[in-house]
Amino acid sequence: MDYKTDVVIVGAGIVGSAVARQLSRYELDVMVVEKKEDIGGTASRQNQGVVCATSVFSMLMYEDEHMMDPTITNLFTISNALIYPQWIADLEVKYRQIGAICVAKNQDEMDKMEVARKKGWERGDYRTRRVTKKQVYELVPQLAPGYIGGYYCPDECAIDVFDLVVAMMQNAMENGVKVLTKTKALAIDVDKETKTVRGLKTDKGYIEANYVINCCAIYADDLAKTTGYCDYRCYPRYGQTPIMDKNLPYAPTPMVRPCPGRVATGVAITPTASGNLGVGPSADNGEDKEYTATTKEGIEKVMEQARKLIPEMDLRDSVTQFTGARCCKDPSNWVIEVSHNIKGYCEAVGITQGVTAAPAIACYIQNLLENDGLQLEPKDDFQPHRKKIKRFVDMTEEERAEAIAEDPAYGTVICRCETVTEAEIVRAIHTPPYARSVDAIKRRLRAGMGRCQGGFCSSRIVEILARELKVPVETITKNEPGSEIIVDTCRK
Amino acid sequence: MLEFDVAVIGAGPAGLAAALAAKRSGAQKVVLVERDFRMGGILEQCIHMGFGLKYFGEELSGPEYAARFIKRIEEEDITVMLDTMVLSIDGDMRVIHAVNKNGVVNIKAGSIILSMGCRERTRAQVAVPGTRPAGIFTAGTAQRFINVQNELVGKKAVIVGSGDIGMIMARRLTLEGVKVEGVVEIMPYLAGLTRNRVQCLDDYDIPLYLSHTISDIRGQYRVEGVSVARIDENREIIEGTEFDIDCDTILFSVGLIPENEVSKSAGVLLDPVTGGPIVDDHMETNISGIFACGNVLHVNDLVDNVSIESEKAGKAAALFAQGRLHEKTEAISLACGENIRYVTPQKIVRGGQDDVTIYFRVSSPERNIRIQAEADGAVLLEEKRAFVNPGEIEFITLQKENLSGINAEQLIIRTVRE
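Which chain is which? The protein sequence lines are A and B, in order. So the working numbering is basically just the index in the first sequence, starting at one, shifted up by 1. So the working numbering is basically just the index in the second sequence, starting at one, shifted up by 706.
Since the hints were derived computationally from the structure, they do not count as laboratory data. Warning: the hint list may mix true and false statements.
Unchecked claim - Derived contacts from chain B toward chain A, CB cut-off under 8 Å, selection only:
#1 D789
#2 V805
#3 N808
#4 V810
#5 T828
#6 A830
#7 Q831
#8 A833
#9 G836
#10 T837
#11 G846
#12 G860
#13 D911
#14 Y915
#15 S994
#16 G995
Unchecked claim - Keeping only pairs whose Cα atoms sit at most 27 Å apart, straight-line, the calculated BS3-like set for lysine-lysine is:
#17 A/K471 with A/K36
#18 B/K970 with A/K247
#19 B/K862 with A/K297
#20 A/K309 with A/K297
#21 A/K391 with B/K807
#22 A/K302 with A/K290
#23 B/K970 with A/K95
Each residue gets a CB set at the ideal place from its N, CA and C atoms; glycine is no exception.
With the hints as extra help, turn the sequences into a complete structure.
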């Protein structure tokens, strides 16, 4: 099947979803192409969910040249202070201010961080401040002994990233954006003569378009090459991450991390929006973009480093462990621009802190496109509020009674660890962006993310999906095609 | 607000026995709250034989064992609320907050019995490395898929952990035509009952790999295989012992954890070793009028013991609701001595009128030992055992005459080598 649209966004991770939402404000035909069975991306699913107020501060510690580019550093501060609060309010995404502290073992680390703080100030980070040893231990009483001080920023926020991406895309779809999942972008079709984008070739058909926006993260180089111009390489930086249970006695209030090193921020202990703790990630560069395995040594190393911060950290309290792949780029600078070579091609690549910067990147891209000549007429009827699925767990007893009276399925709890009801699962299946797999349900509602890891609810969710989609239970997948859960019926 | 004398949470074997005993001990209004669509709990998916030898004197399947209790429950005037999930308990007021399709259900109870059973430990809790594809199940979840939902979970399986459910599922999968490539156990000994090894593994030629671990899981979308390796006494992989098994399914049977999220909401104190509430010999928790029994208290290996223990809780809860449970006076604490991992109950109320059975597990396997109960420096009771194993629950019964003479704060249970 072939399509015709004004703008096609390739990749439905956090950046692609944010761009889709931002462009849905205007009188434009916008399509999103995603190769996976669900939106939500790869790296966007595999991180600790922090809107990082200390991005400028900590990334300055890497001594990466690109961080000297004020355009990029401004995106962080603008995103945090100006854009996020409104987006979060409009989209009703779970968001919690936690604060962040970097702790120093010695004066050398304090001195390095003071240099970063001063540079950060010039780039709009006005809130990160030095704290004394006494203040460090007041902020984090669980901290191991021996730290001499640190730098603290109260603005660091934990956010439910899964819900944020779904919320942005849902809102984009409610405002007319069309999303094609299970659709792989093969090549950007460029008129060789005029060096102008004509459209996008996909494995599901041709999409005629004036603009193609490359939001493919780790696969961005593969797509960029199809235009004939690509002067960078994308590669994964694996991060192994144990997630800990809720309500642990040793859980810190702020995010706690060591003095950032030269290549990465180091293993942090991060309270998440849902009340769990994220530990890590490790940082190992690799080549295989599909690799997501954890290793015994990797997880143990992360825990060992975490215990240097909080000695009580215990892997036995972990509810899951995963490996995420951050999308790194060589050279490492972020590129957010409309192409000078190909008219109609735009890209956002090398984005290593998508959760923090995505809404700002979306606004920035909108501005780039407008400057490039794209007509952006605001929609009369743009609806900034998504129709959020009412969450049983957040309701008062009166609201619960009301919800059950309206829909009795709100009275059937399917996931007991996270208290998710059948009504919410049915709605996630029938609300854009439509959930089609057990993992898609999990990311939208947290069903199966608790301490029993789906032991109780997964068999029930498989049956609900099959019933609602009117398909045989054997076709229900964990995520991608090939991840079917049931192979057959036992007794015919 | 509904009002009952005794409210029982969970209609598995513990809840069924407790509700029945409460009713028969004089509680007028008894309610049994169950989250599933029927009574019986996990017994309903345990379609194998092996239940009831001790309690009924004959061998039954899980559903048959449950059916006997369900029939008795139905004959009595006991209110049963199915498809109803308890969300929290107000411990001081003894009010249960629950929901079902009809709305919010609040129950004010004279006494409450916690009988929610347990949940399975997961792959994450034993931190097995590798990818995270489809085809990884806890043994109980696979059991539900197959026995309740009639859905087959794979074609070639490896089972991690030699717990009872894992071994029973090894046999069950084999009977369904699934090739079971082996059971991998990290400990040097079996985690479950010896009879299950004989009947479920040996009889079907399923290999058991003791002192082995899964060092990797492969497969991007569906499980493609595992790596297995022998480990030393420090649980470190012995180099050169690694081998691969191709499979599309992995079942984890790596232990059970008492399900006490609701108990915590009531302020019930838990024993860090059992994971269940700390109770006295009436099965009463630290919160007055809240009792606990079955796997919510500690993980049992025989359902028959659960029924017996739960009847005690049911009777005590009924007496409490009627104001007839004798005043809480001082209690003797039970302590774990040599090679004892845990004991339950953890306390015995002084001046009791009954014999007290103490359930416990040992920390490591031992042969030819004596089990001792000691207080005031004197041995009150001593029993011989030819073999003890952490996988099997042990118990001793202290006579009320023995208990009445104790002045000490503590009663110690221990093993002594012959």
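Status of each hint after checking the structure:
no. : hint               : result
1   : D789               : holds (7 Å)
2   : V805               : holds (5 Å)
3   : N808               : holds (7 Å)
4   : V810               : holds (5 Å)
5   : T828               : holds (4 Å)
6   : A830               : holds (4 Å)
7   : Q831               : holds (7 Å)
8   : A833               : holds (5 Å)
9   : G836               : holds (5 Å)
10  : T837               : holds (5 Å)
11  : G846               : holds (7 Å)
12  : G860               : holds (6 Å)
13  : D911               : violated (22 Å)
14  : Y915               : violated (18 Å)
15  : S994               : violated (25 Å)
16  : G995               : violated (23 Å)
17  : A/K471 with A/K36  : holds (24 Å)
18  : B/K970 with A/K247 : holds (13 Å)
19  : B/K862 with A/K297 : holds (25 Å)
20  : A/K309 with A/K297 : holds (19 Å)
21  : A/K391 with B/K807 : holds (17 Å)
22  : A/K302 with A/K290 : holds (22 Å)
23  : B/K970 with A/K95  : holds (25 Å)
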